[in-house]
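Take these sequences, add in the hints, and give me the full structure.
If you read the sequences in order, they're chains A and B.
Each number in our numbering comes from the position in the first sequence (counting from 1) with 68 added on.
Each number in our numbering comes from the position in the second sequence (counting from 1) with 38 added on.
Hints are computed from structural coordinates only; laboratory data are not their basis.
Heads up, the beta-carbon is just placed ideally off N, CA and C, and yes, glycines get one too.
Warning: the hint list may mix true and false statements.
[Unchecked claim] The calculated DSSO-like cross-link candidates involving lysine-lysine, where the alpha carbons are at most 30 Å apart (straight line), are:
1. A:Lys171 - A:Lys249
2. A:Lys110 - A:Lys171
3. A:Lys246 - B:Lys213
4. B:Lys250 - B:Lys51
5. B:Lys213 - A:Lys264
6. A:Lys248 - A:Lys264
[Stated by the list, open to error] Listed next, the stretches of chain A that the computed footprint assigns to chain B, with coverage defined by at least 3 CB atoms under 8 Å from CB atoms of chain B:
7. 93 to 103
8. 298 to 306
[To be verified] Ranges of calculated distance between the beta carbons of each label pair, as one might list FRET restraints:
9. A:Gln123 - B:Ile252: 53 to 61 Å
10. A:Val87 - B:Asp62: 29 to 37 Å
11. B:Glu253 - A:Val127: 55 to 63 Å
Spelled out from the first residue to the last, the chains are:
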Amino acid sequence: MKQGNTYIFLYSSAMVVIVAAVLSVVATVLRPYQELNIEIAKKLDILRSVEKAEQAQEVRDRNSYVEEEYDRYIVDSYVISHLGERRDDIDAFGVNMREEMRKPLEERNLPVFVAQDDDGSEYYIFPVHGRGLWGPVYGYVALMGDMNTIFGVIFDHDSETPGLGAEINTPRFESQFKGKKLFDETGEFVSIRINKPGAVPPGDHNVDGISGGTITSQGVEEMLYDVLGSYRTYFRNQKNSEI
Amino acid sequence: MSSMDKEPLFSAKNVKLLTTPLNDENPITVQVLGICSALAVTVKLEPAVVLAVAVVAVMGAANVIISVLRRTIPQRIRIIVQLVVIASLVILVDQVLKAFLYDVSRQLSVFVGLIITNCIIMGRLEAFALGNRVWPSFLDGVGNAAGYGWILIVVAFFRELLGSGTVWDYPVMEKLGLYTIGYENNGFMILPPMALITVGIIIWVQRSRNRKLIESK
Chain A
69 MKQGNTYIFL
79 YSSAMVVIVA
89 AVLSVVATVL
99 RPYQELNIEI
109 AKKLDILRSV
119 EKAEQAQEVR
129 DRNSYVEEEY
139 DRYIVDSYVI
149 SHLGERRDDI
159 DAFGVNMREE
169 MRKPLEERNL
179 PVFVAQDDDG
189 SEYYIFPVHG
199 RGLWGPVYGY
209 VALMGDMNTI
219 FGVIFDHDSE
229 TPGLGAEINT
239 PRFESQFKGK
249 KLFDETGEFV
259 SIRINKPGAV
269 PPGDHNVDGI
279 SGGTITSQGV
289 EEMLYDVLGS
299 YRTYFRNQKN
309 SEI
Chain B
39 MSSMDKEPLF
49 SAKNVKLLTT
59 PLNDENPITV
69 QVLGICSALA
79 VTVKLEPAVV
89 LAVAVVAVMG
99 AANVIISVLR
109 RTIPQRIRII
119 VQLVVIASLV
129 ILVDQVLKAF
139 LYDVSRQLSV
149 FVGLIITNCI
159 IMGRLEAFAL
169 GNRVWPSFLD
179 GVGNAAGYGW
189 ILIVVAFFRE
199 LLGSGTVWDY
209 PVMEKLGLYT
219 IGYENNGFMI
229 LPPMALITVG
239 IIIWVQRSRN
249 RKLIESK
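Here it is in structure tokens:
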């Protein structure tokens, strides 16, 4: 067959148009499902940071289970500025931490989720976002009412190496954070340091990193320092108001 | 078309297209293609299995599409056409996973995208689908993807078992009580070099059992 330049040009144009059409139709059709998945995953992460929704793997209708648990335990959510002032015009659930962390400190919208347990104790949940080795790492940190002690953490990642950096989302790593403190005795914000396993004796501000996942571990450390650091004033205000 | 030249769907020749890539012409161990993704995804069994399934889907469909179009594809841009077909199929797989198997897609993350760079797929399009009819091309694609997949799964099985002490996240070593008698996970198995060595061992075992593969001096 004679295949001149015109044929090649027409062929490639048609190919591009067809492929673009097919892909955009598929993307549009599937978007609602994907968005629902993302929303449910986010709610589940928030709940898991305060050790709720633990049957999520076993229940048949996971979506409605997560929704129910979320409505039951998450009693309030709002956005604050870095000075701890409430901004009531923004929806906390819709805030994208990745974009907020790119802004200068003064412009960040910082979400706070308040969970109330059956016994009445309150936990404050903060989304965190940072950089791992290959891509973003993120998660939620839940603090006790004293705004200092960590109740629980949930981490996740997009593309860390399985078996190495990817281990940050395992209970083995996450459970170490329970009971650690963000402020030292003098009231200084020190956050949590992630050390080479066994290098530093256990303390209020140290956890063991992942062997073979040094850069991811450092990423998590930086993420906690940067993000929770933006909430510093809010933590202090809340603490003082309780005294 | 007379019924004389119509071959049965699973004639001996067609079945061979499906089975030779599993052993005699295995894309990984004999042709040594697609090694890069075999190194990356074989730390755990689950991503390896899902990737194997995704590659079967992409490769079967890509071979069919290229085979249907083979008389129209301009020679000079055939590589670009092949790439566009592969990339679109991979995006489709990724979108479907995100919509219906969100948890798996979160675990696989970059690996689904890695299928685009899998040398075996383009190799089969170029070597087979461009010159053959649709049905044989489909069998060839599925056969080669399965040949790739089973190596991936075997490598992942040993790496997960010896490196993390689990199989499909089930703590086998712990249940066997090996930790109490002093066994420790071999962290080296998790690192990429051990994937290469494991593939090497599979090649060694395969050649020692299959004399046809040994090159004469």
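We went through each hint and held it up to the structure:
As the CA atoms of Lys171 of chain A and Lys249 of chain A are separated by approximately 27 Å, the hinted pair is consistent with the 30 Å bound. A threshold of 30 Å between alpha carbons decides the hint, and for Lys110 of chain A with Lys171 of chain A the separation of about 22 Å falls inside it, so the pair holds. For a cut-off of 30 Å, the pair hint linking Lys246 of chain A to Lys213 of chain B stands: about 27 Å separates their Cα positions. At roughly 19 Å between alpha-carbon atoms, Lys250 of chain B and Lys51 of chain B fall within 30 Å of each other, so this suggested pair holds.
Distance hint between Lys213 of chain B and Lys264 of chain A is fulfilled; the C-alpha atoms sit about 29 Å from each other, no more than 30 Å. Restraint check for Lys248 of chain A and Lys264 of chain A: the C-alpha separation of about 17 Å stays at or below 30 Å, so the hint holds. For the stretch 93 to 103 of chain A, the assignment as covered by chain B holds, since 5 residues bring a beta-carbon within under 8 Å of that chain's beta-carbons and 3 suffice. By the rule of at least three residues with a Cβ nearer than 8 Å to a Cβ of chain B, the coverage given for the stretch 298 to 306 of chain A is violated, with 0 such residues.
Evaluation of the 53 to 61 Å hint for Gln123 of chain A and Ile252 of chain B yields a pass: the beta carbon distance comes to about 56 Å. At about 36 Å, the beta-carbon gap between Val87 of chain A and Asp62 of chain B stays in the expected band of 29 to 37 Å. At about 57 Å, the CB distance of Glu253 of chain B to Val127 of chain A agrees with the hint of 55 to 63 Å.
Checked against the numbered hints listed earlier, the structure breaks hint 8 alone; every other hint is satisfied.
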